[in-house]
Amino acid sequence: MAKEREKKLYVALLGNYAAELKLLLTTLLLLCAVATLLQFLPSRFTISASDLRVCISRVTQTTQTIPNSTNATSPPVTATASASASASPLVASLSSTTSPSPPPPSPPPPSPPSSEQILPDGTIKRVFNPYGSAAYNFVTMGAYRGGLDTFAIIGIASKPLHVYAKPTYECAWFSLAGDKKKLSTTVGYKILPDWGYGRVYTVVIVNCTFPIPVNADNSGGKLVLFASTSGGGDASFNTTDRIEALTEQPRTLDTTLFSSKPKYDYLYCGSSLYGNLNPQRVREWIAYHVKFFGPRSHFVIHDAGGVHPQVLEVLKPWMDLGYVTLHDIRDQERFDGYYHNQFMVVNDCLHRYKFMAKWMFFFDVDEYIYVPPKSTIKSVLDSLSEYSQFTIEQMPMSSKLCLTSDYGKTYRKWGFEKLVYKDSKKGIRRDRKYAVQPRSLYATGVHMSQNLAGKTTHKTEGKIMYYHYHGTIAEKRESCKMLINSTEITYDKTPYVLDTTMRDIAGVIKKFELKMIGDRLQHKTRQ
Numbered sequence: 001m002a003k004e005r006e007k008k009l010y011v012a013l014l015g016n017y018a019a020e021l022k023l024l025l026t027t028l029l030l031l032c033a034v035a036t037l038l039q040f041l042p043s044r045f046t047i048s049a050s051d052l053r054v055c056i057s058r059v060t061q062t063t064q065t066i067p068n069s070t071n072a073t074s075p076p077v078t079a080t081a082s083a084s085a086s087a088s089p090l091v092a093s094l095s096s097t098t099s100p101s102p103p104p105p106s107p108p109p110p111s112p113p114s115s116e117q118i119l120p121d122g123t124i125k126r127v128f129n130p131y132g133s134a135a136y137n138f139v140t141m142g143a144y145r146g147g148l149d150t151f152a153i154i155g156i157a158s159k160p161l162h163v164y165a166k167p168t169y170e171c172a173w174f175s176l177a178g179d180k181k182k183l184s185t186t187v188g189y190k191i192l193p194d195w196g197y198g199r200v201y202t203v204v205i206v207n208c209t210f211p212i213p214v215n216a217d218n219s220g221g222k223l224v225l226f227a228s229t230s231g232g233g234d235a236s237f238n239t240t241d242r243i244e245a246l247t248e249q250p251r252t253l254d255t256t257l258f259s260s261k262p263k264y265d266y267l268y269c270g271s272s273l274y275g276n277l278n279p280q281r282v283r284e285w286i287a288y289h290v291k292f293f294g295p296r297s298h299f300v301i302h303d304a305g306g307v308h309p310q311v312l313e314v315l316k317p318w319m320d321l322g323y324v325t326l327h328d329i330r331d332q333e334r335f336d337g338y339y340h341n342q343f344m345v346v347n348d349c350l351h352r353y354k355f356m357a358k359w360m361f362f363f364d365v366d367e368y369i370y371v372p373p374k375s376t377i378k379s380v381l382d383s384l385s386e387y388s389q390f391t392i393e394q395m396p397m398s399s400k401l402c403l404t405s406d407y408g409k410t411y412r413k414w415g416f417e418k419l420v421y422k423d424s425k426k427g428i429r430r431d432r433k434y435a436v437q438p439r440s441l442y443a444t445g446v447h448m449s450q451n452l453a454g455k456t457t458h459k460t461e462g463k464i465m466y467y468h469y470h471g472t473i474a475e476k477r478e479s480c481k482m483l484i485n486s487t488e489i490t491y492d493k494t495p496y497v498l499d500t501t502m503r504d505i506a507g508v509i510k511k512f513e514l515k516m517i518g519d520r521l522q523h524k525t526r527q
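Residue numbering for the sequence shown follows full-length UniProt numbering, beginning at 1 and increasing consecutively.
Honestly, the hints are just simulated from the structure, not real lab data. Note that CB positions come from ideal geometry on N, CA and C, so glycine has one too. Among the hints, erroneous ones may be present.
As the list claims (entries may be wrong) - For lysine to aspartate or glutamate, the following DMTMM-like pairs were computed, each having C-alpha atoms within a straight-line distance of at most 20 Å:
no.: 1; residue 1: 291; residue 2: 519
no.: 2; residue 1: 459; residue 2: 406
no.: 3; residue 1: 222; residue 2: 149
no.: 4; residue 1: 481; residue 2: 406
no.: 5; residue 1: 181; residue 2: 254
no.: 6; residue 1: 463; residue 2: 431
no.: 7; residue 1: 291; residue 2: 382
no.: 8; residue 1: 182; residue 2: 244
no.: 9; residue 1: 358; residue 2: 254
no.: 10; residue 1: 182; residue 2: 170
no.: 11; residue 1: 181; residue 2: 217
Unchecked claim - Pairwise CB distance ranges, derived in the manner of DEER restraints:
no.: 12; residue 1: 461; residue 2: 241; range: 42 to 50 Å
no.: 13; residue 1: 454; residue 2: 376; range: 21 to 29 Å
no.: 14; residue 1: 217; residue 2: 454; range: 28 to 36 Å
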């Protein structure tokens, strides 16, 4: 009886797991069949670890891209939206009809890398699999009219592309009316103004001069740049990017701008400001130059990370009075160009404000323009009006040496008031800064322009100069490191002489600041 009972139990168990047993037997049969089949395949057929990684990465990319794209395009759910949706079926239906369209499909995954092959003659055919992009073909910062038929497009591009290849540019003007047809085309003439200083990117100014005036009827239009690599980067391709550089809406073109008297007599184009700047030094610099250039002047400041809240607090009173315009250019740090892309920045400033100033100055915020007594900036520039450009002599000042008489009072004095020793070394070439009549320029540089119509002069000694306090703009500790009671001294193997030119006018500048903006900054900054 016991054996018969065990036999019935065994049969019952088999009946309960019959489906699982069938699946197990089928799987074993398939594995045996695959093992038998593999014996007849060529020995070169293998599944490598790299092949498995490609398959796995494809699956991972697909699963990650879908939720990310959904999150990027789906608006956040707010209390207002949910309340309005539950208030009425009509509101809910309206909101559903205006909901954003579903996200576009993710781009197809890259094709798997090619593998090397053995050719019939026994040669091993090697392959090269490109990934990504080393640098962009063109990065635009701005595009501006230079007249009825000419434009300038300012940007940066891959430096190796321009050094070792021959990229080309074509400019086209499209109508906004009707079928947006192409009305005129011209070859884009490129200018590389950064003297070879570029890094991954170099500065490119594309001049587009059409054979006829465009948008002469003020109906609007669009400037399009076709930037072609011409086989640079990959000789198998001639990649052309279509760049919509500038759009003019109907009835917005003011042609009188090109011939009317400019708004400002003097406009300052600043290079990229970066780093931890001393707000007190910026305060002194802007107060001095507003006084120096006068009421028909303007200052364009470019913030590449240097205008922190304390510096902004110093600039804001002058912005409110209309003397300063601040541009946030921090995003250019994404692109590795020379010195925070300062060549691109000054060229954008040149073309953006080209018709707004009679004279345009290029120098730094640790430099102070000066003209001798009995002269004014107007009288000096009137004497140089026949020139499109002139350069300015440098007066290098010590950033450490001060007078003994200032002992105990240095913290109350302004930088150019207490730093009074000038480098007197002879026979060396020093950097110069410059000023231009901007309507004569096609492009510009940091120390001078090489792309202009008209004459340049360097013979300005005794007429106009700039005092340079190098290394002080980012120094937040006390500048005076040594107090001296002498008219001459040699320090760190450099001879210095006493020069109180700037010190003598510090009181006038302080009174001017107080008159213009009050005492709002007097206790905000430190020496």
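Check whether the Cα positions of residue 181 and residue 254 lie no farther apart than 20 Å. violated, 23 Å
Please test the hint of 42 to 50 Å on the beta carbon pair from residue 461 and residue 241. holds, 48 Å
For the pair supplied as a hint, residue 463 and residue 431, confirm whether the alpha-carbon distance does not exceed 20 Å. holds, 17 Å
Quickly compare the C-alpha distance for residue 182 and residue 244 to 20 Å and report which way the hint goes. Judged against 20 Å, a Cα distance of about 13 Å means the pair holds.
Do the alpha carbons of residue 182 and residue 170 lie within 20 Å of each other, as the hint requires? holds, 13 Å
Range hint 28 to 36 Å (beta carbons of residue 217 and residue 454) holds or violated: holds, 32 Å
Check whether the Cα positions of residue 222 and residue 149 lie no farther apart than 20 Å. holds, 13 Å
Look at the Cβ atoms of residue 454 and residue 376 and judge whether their distance stays inside 21 to 29 Å. Since the Cβ atoms of residue 454 and residue 376 sit about 23 Å apart, the hinted range of 21 to 29 Å holds.
Verify the proposed pairing of residue 291 with residue 382, using a straight-line Cα cut of 20 Å. holds, 19 Å
Given the proposed pairing of residue 291 with residue 519, does the C-alpha separation stay at or below 20 Å? Holds - the C-alpha atoms of residue 519 and residue 291 are around 17 Å apart, at most 20 Å.
Given hint residue 254 paired with residue 358 - CA-CA distance at most 20 Å: holds, 19 Å
Residue 459 and residue 406: Cα distance at most 20 Å? violated, 37 Å
The structure fails to meet hints 2 and 5 from the earlier list, while all remaining hints are met.
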